[in-house]
Amino acid sequence: GAGVSQSPSNKVTEKGKDVELRCDPISGHTALYWYRQRLGQGLEFLIYFQGNSAPDKSGLPSDRFSAERTGESVSTLTIQRTQQEDSAVYLCASSSEIYNEQFFGPGTRLTVL
Amino acid sequence: GQQLNQSPQSMFIQEGEDVSMNCTSSSIFNTWLWYKQDPGEGPVLLIALYKAGELTSNGRLTAQFGITRKDSFLNISASIPSDVGIYFCAGVPNTGNQFYFGTGTSLTVIP
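Those protein sequence lines, which keep their order, are chains A and F. Going by this note's numbering, 92 is the number at position 92 of the first sequence; the sequence numbering is gapless. Going by this note's numbering, 43 is the number at position 43 of the second sequence; the sequence numbering is gapless.
So here's chain A without its partners, still in its complex pose:
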């Protein structure tokens, strides 16, 4: 597609439930990033995928968070047993190998009640 897309745009869930967030990167982009942005805050790095290399998971805040990516396409971020502190906007970005420029999706706003 023309840009990075994410779904759903909004997700409201109950504490303790699992959620799955999806990211479709720009076609041909080998790198994919997930960030968390709490209200009024900056971007918090979560995880990074580059081609078929092992992902950099150094930003995942707990073992309740995991992410997968199939080849150089779609990625899903899963949060298990959600907590109220997980409420935030989850942003996905992709970049090509050639240019150090990340392009962001519109984000998924997650609200945990």
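In case anyone wonders, no lab produced these hints; they're calculated from the structure. Certain hints may be false.
[Unchecked claim] EDC-like cross-link-like pairs, simulated, lysine to aspartate or glutamate; straight-line CA separation at most 20 Å:
(1) A/Lys57 <-> A/Glu44
(2) F/Lys70 <-> A/Glu101
(3) A/Lys57 <-> A/Glu72
(4) A/Lys15 <-> A/Glu85
(5) A/Lys57 <-> A/Glu20
(6) A/Lys11 <-> F/Asp71
(7) F/Lys51 <-> F/Asp83
(8) F/Lys51 <-> A/Glu97
(9) A/Lys57 <-> A/Glu68
(10) A/Lys17 <-> A/Glu68
(11) F/Lys70 <-> F/Glu54
(12) F/Lys51 <-> A/Glu44
[To be verified] Which chain A residues stay away from chain F? Per the calculated CB distances, all over 12 Å, these:
(13) Val12
(14) Glu14
(15) Val19
(16) Phe65
[Unchecked claim] Taking CB as the label site, the calculated pair distances span:
(17) A/Asp63 <-> F/Ile110: 42 to 50 Å
(18) F/Asn58 <-> A/Ser5: 23 to 31 Å
(19) F/Thr68 <-> A/Ser58: 24 to 32 Å
(20) A/Gly71 <-> F/Ile67: 39 to 47 Å
If you're wondering where the values come from, they're calculated on a predicted model, not measured in any experiment. Glycine residues also receive a C-beta, built at the ideal position from the N, C-alpha and C atoms.
Position chain F relative to chain A; hints supplied.
Just chain F, lined up with the frame of chain A:
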């Protein structure tokens, strides 16, 4: 993760005024990027800088890659109401592919 020191944290200016914001880091970066984020949207790339000392313009926006490679600034000339938003800097080091983001500058333009 590492975050860059971005200032000011917020700005309230009159329409037509010029704006300046900057980012500093203790680490050297190979690339500096500036993004703008509107409410409810993802950040949008404004300017990318690849060389120390580089000065790049995009319309009313001008950004520079500091000679020490540890800082960058963004200027907006003759601000207009649609410049309102949060501006983020980002740096990319020589090794690895992780992007480090600034804490953001919230800009309010008063008509």
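Against the structure, the hints:
Under the criterion of a C-alpha separation no larger than 20 Å, the hint pairing A/Lys57 with A/Glu44 is consistent with the structure, at around 12 Å. About 18 Å separates the Cα atoms of F/Lys70 and A/Glu101, which keeps this hinted pair within 20 Å; it holds. This hinted pair checks out: A/Lys57 and A/Glu72 have alpha carbons roughly 17 Å apart, not beyond 20 Å. The hinted pair formed by A/Lys15 and A/Glu85 meets the criterion: a straight-line CA distance of about 10 Å does not exceed 20 Å.
Annotation: proposed proximity of A/Lys57 to A/Glu20 holds, straight-line Cα distance about 17 Å (limit 20 Å). For a cut-off of 20 Å, the pair hint linking A/Lys11 to F/Asp71 is broken: about 37 Å separates their Cα positions. Taking the CA atoms of F/Lys51 and F/Asp83, the gap is near 26 Å; set against the 20 Å cutoff, the hint is violated. Simply put, F/Lys51 and A/Glu97 have alpha-carbon atoms about 18 Å apart, close enough for the 20 Å limit, and the pair holds.
Annotation: proposed proximity of A/Lys57 to A/Glu68 holds, straight-line Cα distance about 11 Å (limit 20 Å). A distance of roughly 19 Å separates the Cα atoms of A/Lys17 and A/Glu68; the hinted pair therefore holds under the 20 Å criterion. The hinted pair formed by F/Lys70 and F/Glu54 meets the criterion: a straight-line CA distance of about 13 Å does not exceed 20 Å. The straight-line distance between the Cα atoms of F/Lys51 and A/Glu44 is roughly 26 Å, outside the 20 Å bound, and the hint therefore fails.
With a least CB separation of 16 Å from chain F, A/Val12 remains clear of the 12 Å interface cut-off, as annotated. In this structure A/Glu14 is separated from chain F by more than 12 Å, as the shortest Cβ-Cβ distance comes to about 23 Å. Every C-beta of chain F lies more than 12 Å from that of A/Val19, the closest at about 19 Å, which supports listing it as non-interface. Against chain F, the non-interface label of A/Phe65 holds: every CB pair exceeds 12 Å, the least being about 14 Å.
At roughly 47 Å, the beta carbons of A/Asp63 and F/Ile110 sit within the given window of 42 to 50 Å. With their beta carbons about 25 Å apart, F/Asn58 and A/Ser5 fall inside the hinted range of 23 to 31 Å. Between F/Thr68 and A/Ser58 the CB atoms are about 27 Å apart, so this pair conforms to the stated range of 24 to 32 Å. Against the hinted window of 39 to 47 Å, the Cβ-Cβ separation of A/Gly71 and F/Ile67 comes to about 41 Å, which satisfies the hint.
In this structure, the earlier hints numbered 6, 7 and 12 are contradicted, and the remaining ones agree with it.
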